[in-house]
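Colleague: These protein sequence lines map, in sequence, to chains A and B.
Just so you know, the first sequence maps onto residues 718 to 913 in the working numbering.
Just so you know, the second sequence maps onto residues 432 to 638 in the working numbering.
These are computed hints drawn from the structure, not numbers from a lab.
Predicted model only: the values in this text are computed from it and were never measured.
Every residue gets a Cβ at the ideal spot worked out from N, C-alpha and C, and that includes glycine.
It is possible that some hints are incorrect.
[Unchecked claim] As a list, the in silico DSSO-like pairs of lysine-lysine whose alpha-carbon atoms are at most 30 angstroms apart:
hint, chain 1, residue 1, chain 2, residue 2
1, A, Lys835, B, Lys465
2, A, Lys719, B, Lys435
3, B, Lys435, A, Lys835
4, B, Lys564, A, Lys719
5, A, Lys802, B, Lys442
6, A, Lys719, B, Lys455
7, A, Lys802, B, Lys554
8, A, Lys802, B, Lys574
9, A, Lys802, B, Lys455
[Stated by the list, open to error] A short list of chain A residues far from chain B (calculated; beta carbon distances all over 10 angstroms):
hint, residue
10, Asp733
11, Pro833
12, Phe836
13, Trp908
[As the list claims (entries may be wrong)] From the structure, some residues in chain A lie toward chain B, with a derived Cβ separation under 10 angstroms:
hint, residue
14, Gly727
15, Ile730
16, Pro753
17, Phe768
18, Pro773
19, Leu777
20, Thr781
21, Val791
22, Glu795
23, Ile807
24, Val818
25, Thr822
26, Val825
27, Ile831
28, Lys835
29, Glu851
Listed here are the chains, written in short residue letters.
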Amino acid sequence: MKHTACKDCGIVIDVDSFDSTQQYSCPRCHSVFYRPGESFDLILVMAITSFLFFIPTTFLPIMTIEIMGQHHSVTLLEAVWYFAKDGYMIIAIIAAGAGIVIPLTLLVLIMMIIFPLKFGASSQSIRALYRYYEHLTPWAMAEVYLIGMFVSIVKLGGMAGLHIDYGLYSFGFFIMAFFITVIWFNPDDIWNQNEI
Amino acid sequence: MKYKTDISEGKVLCHLCELLHDDKEHECSQCGEKLHQRLPDSLAQTWGYLLAATLFLIPANLLPMMVVTAMGTEDASTIMEGVVYFFHHAEYGLGGVIFIASVAVPVFKLGVIYYLLLVVQFKQHDKAMGGLKLFHIIHVIGKWSMLDIFVVAMMVSMVQFQGLATIETGGAAIAFCAAVIFTIIASEKFDPRLMFDNEVIKEEEVK
């Protein structure tokens, strides 16, 4: 039994026999209003995997460029922080936030939500974290950053000698694991006690 | 067919956890979010952010995105010149990606939000379903317009060889960034339910 309303068109919806493993969509506008998530154990494993991939990404260089015998390489955070050196502090903050800090915050929030629930805490105790998670989701753009790197590899490859370092690989794996975590995690399952 | 809506039933939906409450309540009993039947000042805020985004898109396309200094000569290129660069070097795929992400997507998003606002303002309820599809599309593609900012970040940070070749951020970056951010806020502030509101009454009149 689920009593809700469609957040896209506003009609009141009653589902008589609600099954949390099924996907439900609105009878009028066909927007999905319930999407089944994976089990919290699996999500937790994926979130930790993703976090472990992030650790080497912080200090490994992404790529190295060579022009006339001079070498230069950057790490993930250095790349966006160059905006600050050019005098555009605000872009540096937005790019670092959307590309790195917010995805990482989402990951930490998922872990901070699931861990207490596993140890028997009530859903009410983590509801502030849930709200932060929902409000931050539209601002995570790590995958855009990765595609940006691929574009610049082609652009720079035409200018100078370029080779890819381990930082790019670990960032790629981080994003893959992060993506799976976020797709698996349905924050509304927090309120379905049988999921925990 | 007649539908019951949250307004006609005197209910209010929590926009985060989707629990249905009585419309006298002010805070969601489940997640603690403030309750609003419709997003507060949705139209005014969407118009405001949308106009700001539109204005910022003009300098974003006119000013240079990157300033390349190689062997003493300075070369500033705008977003479109960057796309043209790829096409000249026969990188059609990448040129296409950059064109879609930094020109087509931002303009398409702005166009869609203007359209949605007009659907609400002129009460075109029969266009609500199509509008909702477009609304879902811009939610998915919205963040990809940041692509050029990250490309510039990589280019600027990698090409730092004093005396040989350096790349500096151009003024368009900040305008473009602002345009993208304001467009995302505008689409977050827009409440798609406004397109459907009062449709029930209209249907009853027909019968």
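Colleague: Take the hints in turn and mark each one as holding or not.
Modeller: Status of each hint after checking the structure:
Note on Lys835/A and Lys465/B: the hinted pairing holds, with a Cα-Cα distance of about 27 angstroms set against a maximum of 30 angstroms. Distance check on the hinted pair: Lys719/A and Lys435/B sit about 16 angstroms apart at the alpha-carbon level, within 30 angstroms; holds. Proximity of Lys435/B to Lys835/A is assessed by CA-CA distance (about 38 angstroms); at most 30 angstroms being required, the pair is judged violated. Only pairs whose Cα atoms come within 30 angstroms are accepted, and Lys564/B paired with Lys719/A is accepted, the gap being roughly 25 angstroms.
Restraint check for Lys802/A and Lys442/B: the C-alpha separation of about 52 angstroms exceeds 30 angstroms, so the hint is violated. Our distance criterion of 30 angstroms between C-alpha atoms is met by Lys719/A and Lys455/B, whose separation comes to about 21 angstroms. Note on Lys802/A and Lys554/B: the hinted pairing is violated, with a Cα-Cα distance of about 49 angstroms set against a maximum of 30 angstroms. A threshold of 30 angstroms between alpha carbons decides the hint, and for Lys802/A with Lys574/B the separation of about 25 angstroms falls inside it, so the pair holds.
Among the hinted pairs, Lys802/A with Lys455/B is inconsistent with the structure: their alpha-carbon atoms are about 52 angstroms apart, more than 30 angstroms. Annotated as non-interface, Asp733/A keeps its C-beta farther than 10 angstroms from every C-beta of chain B; the closest such distance is 15 angstroms. With a least CB separation of 15 angstroms from chain B, Pro833/A remains clear of the 10 angstroms interface cut-off, as annotated. Non-interface call for Phe836/A relative to chain B: holds, since the shortest CB-CB distance, roughly 20 angstroms, exceeds 10 angstroms.
With a least beta-carbon separation of about 6 angstroms from chain B, Trp908/A fails to lie farther than 10 angstroms from that chain, contradicting its non-interface assignment. Using the Cβ-Cβ criterion of 10 angstroms, the hint placing Gly727/A at the interface with chain B is satisfied: the shortest such distance is roughly 4 angstroms. For Ile730/A, the interface hint holds, since its Cβ comes within 10 angstroms of a Cβ in chain B; the closest pair sits about 9 angstroms apart. A cut of 10 angstroms between beta carbons decides the hint on Pro753/A: the least distance to chain B is about 14 angstroms, and the hint is violated.
The restraint placing Phe768/A at the interface with chain B is violated, with a minimum CB-CB distance near 22 angstroms, outside the 10 angstroms limit. Violation of the interface hint for Pro773/A is found here, the shortest Cβ-Cβ separation to chain B being roughly 19 angstroms, above the 10 angstroms cut-off. The criterion of a C-beta within 10 angstroms of any C-beta in chain B is not met by Leu777/A, whose closest approach is roughly 15 angstroms, and the hint is violated. A distance limit of 10 angstroms between C-beta atoms decides the matter here; for Thr781/A the minimum to chain B is near 9 angstroms, and the interface restraint holds.
At its closest, the beta carbon of Val791/A sits 5 angstroms from a beta carbon of chain B; the interface hint therefore holds under the 10 angstroms criterion. Interface restraint check: Glu795/A against chain B, minimum CB-CB distance 6 angstroms, threshold 10 angstroms, status holds. Because the beta carbon of Ile807/A sits about 7 angstroms from the nearest beta carbon in chain B, less than 10 angstroms, this interface hint is met. Contact between Val818/A and chain B, as hinted, is not supported at the beta carbon level, the nearest pair being about 14 angstroms apart and thus beyond 10 angstroms.
Taking 10 angstroms as the C-beta cut-off, the interface hint given for Thr822/A is violated, the closest approach to chain B being about 16 angstroms. A hinted interface residue such as Val825/A counts as satisfied when its beta carbon comes closer than 10 angstroms to some beta carbon of chain B; here the least separation is about 19 angstroms, so the hint is violated. Taken as an interface hint, Ile831/A does not check out: its beta carbon lies about 16 angstroms from the nearest beta carbon of chain B, beyond 10 angstroms. The beta carbon of Lys835/A comes no nearer than 19 angstroms to any beta carbon in chain B, farther than 10 angstroms, and the hint placing it at the interface is violated.
Restraint check, Glu851/A versus chain B: the minimum CB separation of about 5 angstroms is within 10 angstroms; hint holds.
Of the numbered hints given earlier, the model fails hints 3, 5, 7, 9, 13, 16, 17, 18, 19, 24, 25, 26, 27, 28; all others are met.
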